[in-house]
Each structure stands twice: as C-alpha cells, then as structure tokens.
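Novice: Sequential numbering of the sequence shown, starting at 1, is according to our numbering.
Derived by calculation from the structure, the hints in this document are not laboratory data.
There are no misleading hints in this set.
Below, simulated DSS-like cross-link-like pairs (lysine-lysine); rule was C-alpha separation at most 27 angstroms, straight line: (1) Lys472 - Lys379; (2) Lys47 - Lys379; (3) Lys472 - Lys366; (4) Lys379 - Lys422; (5) Lys47 - Lys376; (6) Lys47 - Lys16; (7) Lys422 - Lys472; (8) Lys89 - Lys47; (9) Lys432 - Lys376; (10) Lys578 - Lys432.
Since the model is a prediction, treat every value here as computed from it, not as a measurement.
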Amino acid sequence: MQLAEESHQQLLQQFKGKVLPPNHPLTRHIRRVVERILEANNLGILKPSGEQPRVLSSADVWSATGTDDLPPDVGGNLKEWHLFVVDDKSMINAMTSFGNIIVFTGILPVAKDENGLAAVLGHEIGHAVARHVPERYSSAKIFIFLAMMLDLLGIPFSGFVARVLYDLPNSRTQEFEADKIGLRLSARACYDPQAVPQMFDRLGQLEQAMNGRHIDFLTTHPTSEKRSQIPRWHKPPPPPPPAVVHDHPRSLPDSPPKPPTQPAALPDPSSGILALLVTVASSSSVAAHPLYPLDSHVHAYYESSQPEHLPCNMPRPPSPSIPEKEFVYGALKESLRLDGRAMLEMRPPMLTFGPELGWVECSLGKTRVLAQVDGKMVKPLPERPLEGIITIHSELSSMASNEFEPGRPSDQEVTITRMLDKVLRRSDAVDKESLCVLAGQRVWHIRLTIHVLSDAGNMLDCACLAGIVALKHFRRPEVEVQGDEVTIHHPSERAPVPLALHHAPFCFTFAFFPDTTTPPLLDPSHLEETLSAGLLSVALNAQRELCVVQKAGGVPLASADVLAIMDVAVQKARELDKIVESALKVDWAGRNVEVR
1 MQLAEESHQQ
11 LLQQFKGKVL
21 PPNHPLTRHI
31 RRVVERILEA
41 NNLGILKPSG
51 EQPRVLSSAD
61 VWSATGTDDL
71 PPDVGGNLKE
81 WHLFVVDDKS
91 MINAMTSFGN
101 IIVFTGILPV
111 AKDENGLAAV
121 LGHEIGHAVA
131 RHVPERYSSA
141 KIFIFLAMML
151 DLLGIPFSGF
161 VARVLYDLPN
171 SRTQEFEADK
181 IGLRLSARAC
191 YDPQAVPQMF
201 DRLGQLEQAM
211 NGRHIDFLTT
221 HPTSEKRSQI
231 PRWHKPPPPP
241 PPAVVHDHPR
251 SLPDSPPKPP
261 TQPAALPDPS
271 SGILALLVTV
281 ASSSSVAAHP
291 LYPLDSHVHA
301 YYESSQPEHL
311 PCNMPRPPSP
321 SIPEKEFVYG
331 ALKESLRLDG
341 RAMLEMRPPM
351 LTFGPELGWV
361 ECSLGKTRVL
371 AQVDGKMVKP
381 LPERPLEGII
391 TIHSELSSMA
401 SNEFEPGRPS
411 DQEVTITRML
421 DKVLRRSDAV
431 DKESLCVLAG
441 QRVWHIRLTI
451 HVLSDAGNML
461 DCACLAGIVA
471 LKHFRRPEVE
481 VQGDEVTIHH
491 PSERAPVPLA
501 LHHAPFCFTF
511 AFFPDTTTPP
521 LLDPSHLEET
531 LSAGLLSVAL
541 NAQRELCVVQ
551 KAGGVPLASA
561 DVLAIMDVAV
571 QKARELDKIV
581 ESALKVDWAG
591 RNVEVR
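Produce the complete structure using the sequences and hints provided.
Specialist: As structure tokens, then:
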C-alpha cells in the first residue's frame, strides 16, 4: 500500500504538466479500453482522476451472480487502478507500476486502433497480474546472495555477467509470460486477437526504421520480429443459423451438448506482445515517420482501417432523398406519420426482465436498449464520506447502427451519456446517503451500464426508461455492521434490499421542423430525427417535478409551445409510471426468491 502511494506521488511529480485531463478525448478513449479489460477479467475498477490506487478485498465486490465466478488466474485481491495518459509523442511506451497504468500518446499511432491499444494494455496489465515486479525483487535477493558467496570464495562475478546471465533472460521470460496473459485478457474483453501479430509487424518496422537490428540476448525485450511470428489466428467460422428467439430470457431452453473438440492451441512461449521502450531522439524524426500524425485528437492518432473480417466498416445508410423529404414533410404538415401514430403518441414500451435483479431490456418499437445494474463496496470519495457512488456508462456499438464507429465516441453518444447523468444521477433519483455502510470507510458503488442494441430513433428516451426501471428492479445484499466489521449476507440468507429512490424521472423527446405550421411530435423515429430542425428533451416525474430540459440549437420555440409540451410530458409520465410499476409487480411475483 505504501509503495502504491509513493509510486502515485512520484508519477504525478515526474509527469507534471504532461498528464492529460480526465475529460480529454484521448483520456476518455483509453480509459474506456482499460475499463473494458478490467471489468471483463474481474481485475478491479479504474479510479477517478486524483485518487490513489489501493487494494480491495474480493469480499468487497458483489454482483447479482456473487463473487464465486471470479476467474482462478486472478488473485484474491482486486485492485483499484489509476490511469495516467502522458502527452509525449516521443515516448512509444505503456507500462504499469503498483496499480498505476501509464500510457504515452506516442504508442497510439503504432497501436493504430482500439484493438491494437487493447493488445498493448492487456500485455501491461498482464505484468501486474503475474506479479512480475515482486517476483523480480524476490529472485534478485537470492541472486545477490549467490554472487556474494562467489566473491567470498575468490571467484570474480562482474555486473555485466550478472546482467547477461540473469537480468536479461529473466526479463525476456517475463515478457513472454505477459504476452500469454495479455492475449487472454484482451480476448476476454472481446477484442480482436488478430491485432496482436499486426501490432508486432508495425513495431518491427518501427524498430528497423529507427535502430536497425540488435543482438537479442543483450536486450530486456525480445525483438518484434520474433513476436510477429505468433501463430496467425484463423478467421472466425461463419455464424450458425439463427436460433429461435424467446420472449423471456428465463424461458430459454438448455443448449444441446456440444461434441467434444480439441482445445485451441496456445501461442508459442517464444512469441508475444512487447511494450516497446523506445525514446525518439527528436520530434522531427517522429514527424517524418508515416505512423506519426501530429494532430491532437483521437482521429489523428488512429488510422481508420480495421481487420476486414470484423463487421466494423459497414457502409453508412444513405441520406434521405429530396422526394422522400418532401413526402415526409407534407405528411407531417397534415399531422400524419409514416407509422400511423398520432403526433403526440409514443410507441408502446416493452419491458423484459432478465434472470438477475437489475437486468432490464426496454423496447420502443424497434429501438432496443439493455440496462444492467451492479454494486460494489468501495471506499467513499474523500469529499463525500457519507455518500455512495453512482456511475453511468453507455455503449453505442456498430451493432446498434452502422452510423456508430467502434472506438470513436460520437456526439450522440456523448449527449446521451450526459443526459442520462443529469436525469438519473444529478437529479438525486437515488438516495446516495442510503448507500453508506460505514462512514468514511465503506459505501456502495452502484454502476449502471447502458447498451444500445438497436437504434430506430429516440434512443435517449428508451435508455432513460431502461435505466430507471433497472434501478427500481435492482436489489443489493443485506449488510450487517458490528463496530468496524461489515458482514455481507448472501441473497439466499437474507432478502436483498432495494435502492432508496426519491423519485422516478422519465425522459420525453419532441421533434420540431422548419415549417412552423408543422406541429411538434413526440417520440420521433430515426427518419423523423434526421429531418427535424431541432429536438427538445424533457425529464420529469409523475409528481410534475421538472428535472432536466435540454434543447441544443434548432428552431426557436415560443413559451406557449413549451408549456403545452410540459403538459403532454406530465400526462405521459403518469401513464409510464403505471406501466413500469405493473411490469415490476408481475416480474417479482414470478420469481422464486424473496424480493423486498
């Protein structure tokens, strides 16, 4: 713990003035990749900027499935990591140090895309998982003792011989071990394994361009040429025929037994991924290399190419043609919509609950959003020792729409995330003080994850509805406090406890059009959103309490129009509240476990 704190302070001092802020596009991009790897492998959580890393007991982490599903290759402790993104294009490196993950911006052009970056980060986190630094410290003590004994016997033992016979071979061995672990970590996070050999090809080209060839046994890292000989993973087989879709996740039949297959061959220990420690002599040499664009944004760091077998580069849908626009505008002017709805009519919401509490799929027409809530017991924020922590994450992948690109958060994704944060977190929908277990020591960290499965328009309202229903559906385990001792009871022992909600805000989006004679419409489809001249989103609850109003650009609105919209939103909020409560009661009645 003391080493982690000292390392944290040393890094802050060493890279003072170069660490990118948390809201920088590069920091947000890298942070998302790190969180995805850590979460997929149950390796801990990434702390907000400014907090020191520490170690959590595995008993402090709870989800609806419990902690028994932690992978065996992860130790009994779960870390809280801290991320530093250092703006230094001359350093092609990434590393881990006592719970700190340091990424230099110089590695991004070589990583090329999100899959390449995951390969690098998986390797570096693999060093921490394998505890290579403590291992090196322990083995060094034994080697130093043997060297001293040889000196006492009169046998000279130079530092160069020690480095060649011990330090360098052990360093290369640890790199190979981190290769295997990193490959598994990134693969578990659903990143492309093909990115690993492609990454080494680029590193090998860069090594030859800058340093030429070097002697392998005199280096701490094996050459990229060896690593590029990693067995090329075969392209995935064609997808199986579509299975029968069931309305309720718990009604899915057991899958038929699969025939025994041979286990996949592991990568050879003589190949793997390398964290290249190269310091470029001058910025001019960087600018001359084709892998080094000098723009400061993510788009400039990464090239747009993706592995051709991934469904990432689907063509964007064409823009509406002029006749199509004229037809839609003419129909809307007469208060007619293509799907037959009235102008102020919502698509009927459909709620599907999963086998775990806090798992909800919401559908508005063909717009589908999956919301999932889990909880972890963590140390509270220093400035709020009596309040729990609530975080909201959203994911818009190319599976939802070919307008979304992997690894590049769109403006729509940023807008949805900010709006959800305002509606569900800043409006104090959840009582944060009720999440406090032990003042200043233990609080619940509630994490809401939003996955957009299909975008057919009005994702914001659907995501907000899924989020608030998931929070209502979620139950945390019963906690008993005796002095400084905290006991977490399994749901089989005591019924889990619902979150304390102050209110249930719902979001309603209205679309406006250039022709002022066209009335506004509620719950726009994707085509209606595209042709609209502006959107107005209103978040309120059934008690007429206004939470958020958002309107970015578009045509100006008269105060009378806004008041009329508010009246419609209040009526819809009351109807939606009844639908949600009815659906929750039906689901709880059908469960075999006690639900409070």
